[in-house]
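S.K.: Listed here are the chains, written in short residue letters.
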Amino acid sequence: MQKIIDRKVKQYFDSSGVSLLESRILIVDDSEFSRSILIEIFKKNGFRNIEYAEDGEIGLEKLESFEPDIIILDIVMPKVDGFEFCERVRGCEKFSGLPILVQSGTSDPYNITKIFSVGATDFVSKPVNAEEVIVRSIVHLENKILINDLMKYRKKAEEELRNAREMQNNIVPSDDCIYKSERMYGLSIAAYFEPSFEVGGDLWGMKNISDNEVAIYSVDFSGHGVTSALNTFRLHTILQSEDSFSDDPSLFLYNVNNRLKKLLNVGQFATMIYAVINIKKNVMTYASAGHTSPIVFRENGEGEMLDSAGVPLGVARNTTYDLKETEFSKGDLVLMYSDALIETGNEQGDFLSEKDIFNLVKYSKGLDSKVIMEALLEKYHKHCGAVEQSDDLTINIYKRK
Amino acid sequence: MNISQNLLGTTVEFLLSGKFTFSDHDSFRTIIEKIKDSNTKSVIIDFSGVDFIDSAALGMLLIAREEGDKYAVQISLRGAQGQIEKMFKVSKFDSLFTLI
Numbered sequence: 153m154q155k156i157i158d159r160k161v162k163q164y165f166d167s168s169g170v171s172l173l174e175s176r177i178l179i180v181d182d183s184e185f186s187r188s189i190l191i192e193i194f195k196k197n198g199f200r201n202i203e204y205a206e207d208g209e210i211g212l213e214k215l216e217s218f219e220p221d222i223i224i225l226d227i228v229m230p231k232v233d234g235f236e237f238c239e240r241v242r243g244c245e246k247f248s249g250l251p252i253l254v255q256s257g258t259s260d261p262y263n264i265t266k267i268f269s270v271g272a273t274d275f276v277s278k279p280v281n282a283e284e285v286i287v288r289s290i291v292h293l294e295n296k297i298l299i300n301d302l303m304k305y306r307k308k309a310e311e312e313l314r315n316a317r318e319m320q321n322n323i324v325p326s327d328d329c330i331y332k333s334e335r336m337y338g339l340s341i342a343a344y345f346e347p348s349f350e351v352g353g354d355l356w357g358m359k360n361i362s363d364n365e366v367a368i369y370s371v372d373f374s375g376h377g378v379t380s381a382l383n384t385f386r387l388h389t390i391l392q393s394e395d396s397f398s399d400d401p402s403l404f405l406y407n408v409n410n411r412l413k414k415l416l417n418v419g420q421f422a423t424m425i426y427a428v429i430n431i432k433k434n435v436m437t438y439a440s441a442g443h444t445s446p447i448v449f450r451e452n453g454e455g456e457m458l459d460s461a462g463v464p465l466g467v468a469r470n471t472t473y474d475l476k477e478t479e480f481s482k483g484d485l486v487l488m489y490s491d492a493l494i495e496t497g498n499e500q501g502d503f504l505s506e507k508d509i510f511n512l513v514k515y516s517k518g519l520d521s522k523v524i525m526e527a528l529l530e531k532y533h534k535h536c537g538a539v540e541q542s543d544d545l546t547i548n549i550y551k552r553k
Numbered sequence: 078m079n080i081s082q083n084l085l086g087t088t089v090e091f092l093l094s095g096k097f098t099f100s101d102h103d104s105f106r107t108i109i110e111k112i113k114d115s116n117t118k119s120v121i122i123d124f125s126g127v128d129f130i131d132s133a134a135l136g137m138l139l140i141a142r143e144e145g146d147k148y149a150v151q152i153s154l155r156g157a158q159g160q161i162e163k164m165f166k167v168s169k170f171d172s173l174f175t176l177i
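So the sequences go chain by chain: A and B. In terms of my numbering, the first sequence is residues 153 to 553. In terms of my numbering, the second sequence is residues 78 to 177.
Because the hints were derived from the structure by calculation, they are not lab data. Keep in mind it's a predicted model, so treat the numbers as computed, not measured. Be aware that one or more of the hints could be misleading.
As the list claims (entries may be wrong) - Label pairs and their computed distance ranges (CB to CB): (1) 519(A) - 81(B): 50 to 60 Å; (2) 410(A) - 147(B): 14 to 24 Å; (3) 519(A) - 148(B): 49 to 59 Å; (4) 106(B) - 410(A): 23 to 33 Å; (5) 94(B) - 362(A): 51 to 61 Å; (6) 146(B) - 476(A): 28 to 38 Å; (7) 79(B) - 415(A): 47 to 57 Å; (8) 360(A) - 146(B): 33 to 43 Å; (9) 407(A) - 126(B): 38 to 48 Å.
Beta carbons: idealized from backbone N, C-alpha and C, even for Gly.
Please construct the entire structure, taking both the sequences and the accompanying hints into account.
M.R.: This is how it looks when you write it as structure tokens:
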């Protein structure tokens, strides 16, 4: 037994190189005899940071001053007993993970249950088998070290993702950019961009083509999370080159597809819609690589779901995309969205349909894009209820004023 | 998702049922392995029992297509209906696979 203990304590170091033996042990027991046995066994096994408290009250003081990694706790003590000690320790958020190993002479199942219910981590019966206390303590100390390491890692990862999210916010049009386009082309624009997990695979943008033409596009990379997000950055960089934008949606997608085919792994792809609004000719030309159907809604109350069928980008070289055209005059609006809007199931497993979205837009006739967006988001969140969003959601509304 | 397999000479038939999503990566590997098998000349993936697919599933099918090209195995997708048929239509899968 001793050999096993020896091996365990000698081998165990946490991720910052701190040995298990440096763990701080606090023994809370009113019996000097009990205390001396426990202190002895911990010392014998190489633990050096050991302190004790003669009752619960002193024990609580030592919590703050000594900051123990584990507490060996007696139940029957004057002033503050073991039960109260546990309750008060667990009442503090910062001590919620602190291992408390209770030693007690009781064999009454009610008492044992009570010990755990006030927050004890483990229990040994008195008279204690000192070696048992050591091996159990080691288990708890190892767990505590592992959990601390995990939490440190998680905190770091979350911070990195927050930074990445900030970067992703920078590759979609800023409020200032949106405002400029609104003024230049007489548009009312609303945008919603919400990754499912810190970063996501959606991207949207606009590009001024000429005094009368503005290109609008939406992209959805397969999957979500970090891998898809990395692809959005790649695409954004590709689109930064001046010659990549075109007043011909069909040509644009043809070129972007070929570039992505070279970059993406097999199985990765992106759906994309690219449209050019011409405010002089009152038309919108567009091409789509398998994106969701944009919804066009006109001043006269008519609506149209655009045909958006097309082979997704990055699948096959030299894919051609059909060039389509639709009327787009003053008062008309177009709604683009990623598939999270119609593929997020609620608790019953139902989805919002394109028809639902369509009807909502229909009843929003005459309203500003931002107001329509709010109504749409309210409907969406109401639909989802308690269900967590598991896909990236991007919605864009462009209305000609 | 459940996958059951039928062997008909050099054609392997995979009958899928349930939801085909990103969590089915591991089970889909059996289809990829069969494509790589020298005894296989054609593979039929049957979707009649599937009620939902996501973009990860489409990605897996595209990987199967690539392997099919590499190993000269014909891949056919059969029985797509409802949401599956819709996804295949939007992504023009008829130009990428034989749909039966």
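S.K.: Hints first: check each against the structure and report whether it holds.
M.R.: Comparing the hints with the structure gives:
1. 519(A) - 81(B): 50 to 60 Å: holds (52 Å)
2. 410(A) - 147(B): 14 to 24 Å: holds (21 Å)
3. 519(A) - 148(B): 49 to 59 Å: For residue 519(A) and residue 148(B) the Cβ distance comes to about 56 Å; the hint holds.
4. 106(B) - 410(A): 23 to 33 Å: For residue 106(B) and residue 410(A) the Cβ distance comes to about 30 Å; the hint holds.
5. 94(B) - 362(A): 51 to 61 Å: With Cβ atoms ~53 Å apart, the hint holds.
6. 146(B) - 476(A): 28 to 38 Å: holds (30 Å)
7. 79(B) - 415(A): 47 to 57 Å: Since the Cβ atoms of residue 79(B) and residue 415(A) sit about 35 Å apart, the hinted range of 47 to 57 Å is violated.
8. 360(A) - 146(B): 33 to 43 Å: holds (41 Å)
9. 407(A) - 126(B): 38 to 48 Å: At 40 Å between Cβs, range holds.
Taken one by one, the earlier hints fail for this structure only at number 7.
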